[in-house]
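S.K.: What follows is each chain in one-letter form.
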Amino acid sequence: MAAKPPGGVRAAALGVSSGADISGKGRRALPQEPHPAASLPPSPQGGGEHRETVLRLQGITKRFGALVANDSISLDLARGEIVALLGENGAGKTTLMNILFGHYVADEGGVEAFGRPLPPGDPRAALDAGIGMVHQHFTLAENMTVLENIALGTQALWRPRLDRAAARARIAKLSADFGLAAEPDAPVASLSVGERQRVEILKALYRDAKILILDEPTAVLTPSESEALFRTLKLLVGQGLSIIFISHKLNEVTAVSDRVLVLRGGKLAGERPTAATSRAELAALMVGQDVALPPIVDVPYGGRILVLDEVSTGGKSSGAPLDRAALTLRGGEIFGLAGVSGNGQAALAALLSGSEPSTAGDILLDGEKHRPWSTREALDLGIGRIPEDRHAVGTIGDMTVAENLIAESYRSERFSRRGFLDWGAARTFAREIIADYDVKCPSPDTRIRLLSGGNMQKLILGRALDPEPRIVVANQPTRGLDVGAVAYVHAKLIEARGRGAAVLLISEDLEEIVALSDRVAVIFKGRISAPSKRGERSVRELGELMAGHGLEAAA
Amino acid sequence: MRLEPKPAPSLAATLLYPVGAVVATLGFAALLVLAAGASPLSVFTLVARGAAGSQFALVETLTRATPLIFTGLAIAVAFRAKLWNIGAEAQLYAGAVVTVVLGTGLLPWPSLLLIPVIMIAAMLAGALLLLGPALLKTRFGVDEVVTTLLLNFIMLLFVSMLLEGVLKDPTGLGWPQSQKVIAEAQLPRIIQGKRLHYGFVIALAAAVAVWVVMKKTALGYEMRAVGHNPEAARFAGIPVNRVLMKTALLSGGLAALAGFSEVAGLKGNLTLDLSPGYGYSGIVVAMLAMLNPLGVIASAIFVAGIFVGADAMSRSAGVPSYIADVMVATALLTMVVAILLTRFRVRWR
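First to last, the sequence lines map onto chains A and B. Take 1 as the starting number for the first sequence in the working numbering and just add one per residue. Take 1001 as the starting number for the second sequence in the working numbering and just add one per residue.
Looking at chain A on its own, in the form it has when it is part of the complex:
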């Protein structure tokens, strides 16, 4: 057991190999960091010293019908250790954590915290045992202050008033001890995403959590916020806490953890000390095969298909509205739009998809002014859309694969005659898409909600790309997908580009943007920066634009 936390090695991994990371000088420029000068804490324990096991999951097996979500998984967490739980979507990470938290009851196996068994199926017991969870989607009351959110639910019901002074003192001490800056009286609604996450962590600490579980904690953070989070986590384990870090991002896992457990298909695929493994090895463990990005060959630039000139929107979509945004999409290119979520990506995607009109500015299609279009018109104009949320917007879960695939084209001659649908033609089409897009699904009549996220996304890709659209709007097309499915989505986008389509790739994953895009721009508070060609801006420069620095100068 030589799983010592080698700070130096970690820092190296953080700085060099991780593409989505801003290190070094970038730090000073970013004001939202709690302690700009905070350095990594000293290693809490010497190497080789036997460490107390705080949490033990033993032989956990959980079945849902024929599906084995967890197949006899064991996990030990030592005091002062960060264990990363790595796996594709559907690998069983969430099920395992739900069992730990008593939301599900395991069919076999048990959980022990601090040497004592946890009664199965009792969420309260996990909390009382000192296990805290920070969910990917925060559970904060927006209209209440930080202090109220943290203290909420910790006080006995018969106490009529919140003891604010005591709560304030405690929060101040926790903030100071762990470097989690938080203004107790600020309303949560006014906080940035990174700050909200700190509040979530404070909330868990306030409840005396000794074991912290973070579920995809960086999904909504800028690279610099992520890095600040990682340093906080190091501080926490330095003070004797233990952390389980759930992720499917390899660079984060290698940057922050001491030990990595890889889940694949509900089984433990491997366990490695972080210092003794590589990202390539972890990726192979995760998918069970090697994956590589398809080569991007140069294709001739097409004309300007779509131009947005000082376009604003009215705020119908979530997040910031577009604010005099400028954008030019050309044929045969992938245009990458980076940015932290909520900065107007939804509005831009909605505008191009036909779900939200513009309120000002000009939209030019093939050089001619065009009024904002409806969703139906967008399809007629040859715009293929891959929506951000494939469950809520992209698919109709309780309808079949075939029914979902014809949703955009059921009125065409191919599928309907005089108001009657030709289900034979729809099924034939569905079989074609299933075969062409390598979808794993038993039949066109399967309900789409039974498919995995990756297969769902392949069907959405098939629906959007089969008519060979001239413009492809892909909003977060790979979010939450496993490595294999991500590679597939990328290949299809590159294929559309090769066909001469203009592909707009909206993503929060800088690595993805940088790898795929011919030109890159950053969206911040509804403004779109001037684009840069492949390789013109470094990841760090893009990261600073994402944080809102120097956008005005650039734009």
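These aren't lab readings, by the way, just hints derived from the structure by calculation.
Quick list of the computed label-pair ranges, beta carbon to beta carbon:
#: 1; chain 1: A; residue 1: D380; chain 2: B; residue 2: I1339; range: 34 to 42 Å
#: 2; chain 1: A; residue 1: S374; chain 2: B; residue 2: V1145; range: 25 to 33 Å
#: 3; chain 1: B; residue 1: L1150; chain 2: A; residue 2: G315; range: 29 to 37 Å
#: 4; chain 1: B; residue 1: V1201; chain 2: A; residue 2: T428; range: 34 to 42 Å
#: 5; chain 1: B; residue 1: I1339; chain 2: A; residue 2: G265; range: 30 to 38 Å
#: 6; chain 1: A; residue 1: G315; chain 2: B; residue 2: V1212; range: 37 to 45 Å
#: 7; chain 1: A; residue 1: G265; chain 2: B; residue 2: K1216; range: 37 to 45 Å
#: 8; chain 1: A; residue 1: F64; chain 2: B; residue 2: V1337; range: 19 to 27 Å
The beta-carbon is built from N, C-alpha and C at its ideal position, and this holds for glycine as well.
Based on the hints, put chain B in the right spot on chain A.
M.R.: Only chain B this time, still in chain A's reference frame:
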């Protein structure tokens, strides 16, 4: 106790859920019968015999099922698109009013022309009545459960006003009832001398037609898509609001046919007790059928059988016929639970 999601059940299993709901309902009713001091077995036997034990009983059950098929279809169509039409009762009366207005001599035409015209006019009236709540829902987000439910009371008061005023039968000895429709406006009886009329045949045809619309047409596809996930439907280019309008028109029209068929086929005139809550029972019928138009036929006959059988039973067993209302209401609750169980598994710990 907790709920865990589970994979979709097989078709055979799906068919078992309504059966289970009915069995649970009977079990609950048995307790009430025991409380009333009678033997459940003999009471259920009496109900069954009263509902289907003789030609008379069977004819009576099918007659009672006719308006329930119409209202059940109306609800099934609307609920499929998640348009919560609780106002089938009002739409039924709208159809009945139109039937009386046009059918009491205003249009002196032969049956073959007059009956289709009245049917269409009645459907239009019911459709328009639901269009208002649907518009309020799509335009202003007003909850259609509230508006359609309240329209039931408005409509009943309106009918009451008509029956005390312009539609009052001058020869009716002061009762609040309308004149009888003329012979040309009446639906003929299927068997001479029995109460079962061609409204039942129209109801069966309507069920098949609605089934075809839901399964085979673009409109049915749109309605199901909007019902399952309006946001995804809108994103895919389905005109959600227009689909909801069409759904409202279809649903209101079907419910109005219940009023038409009761007046033109059975009662002959309009009274305030034309419908003993067919509009509400239609909800149970539709739910028991799991919103399947062809299933509506079976569940309407079943629900009608309970009502008819309970009437017969109460005459001989001395258990109040209200047991039928309790059973139908219980059937709705057990069916809602059964539908929940098609998607979730209950874990006891």
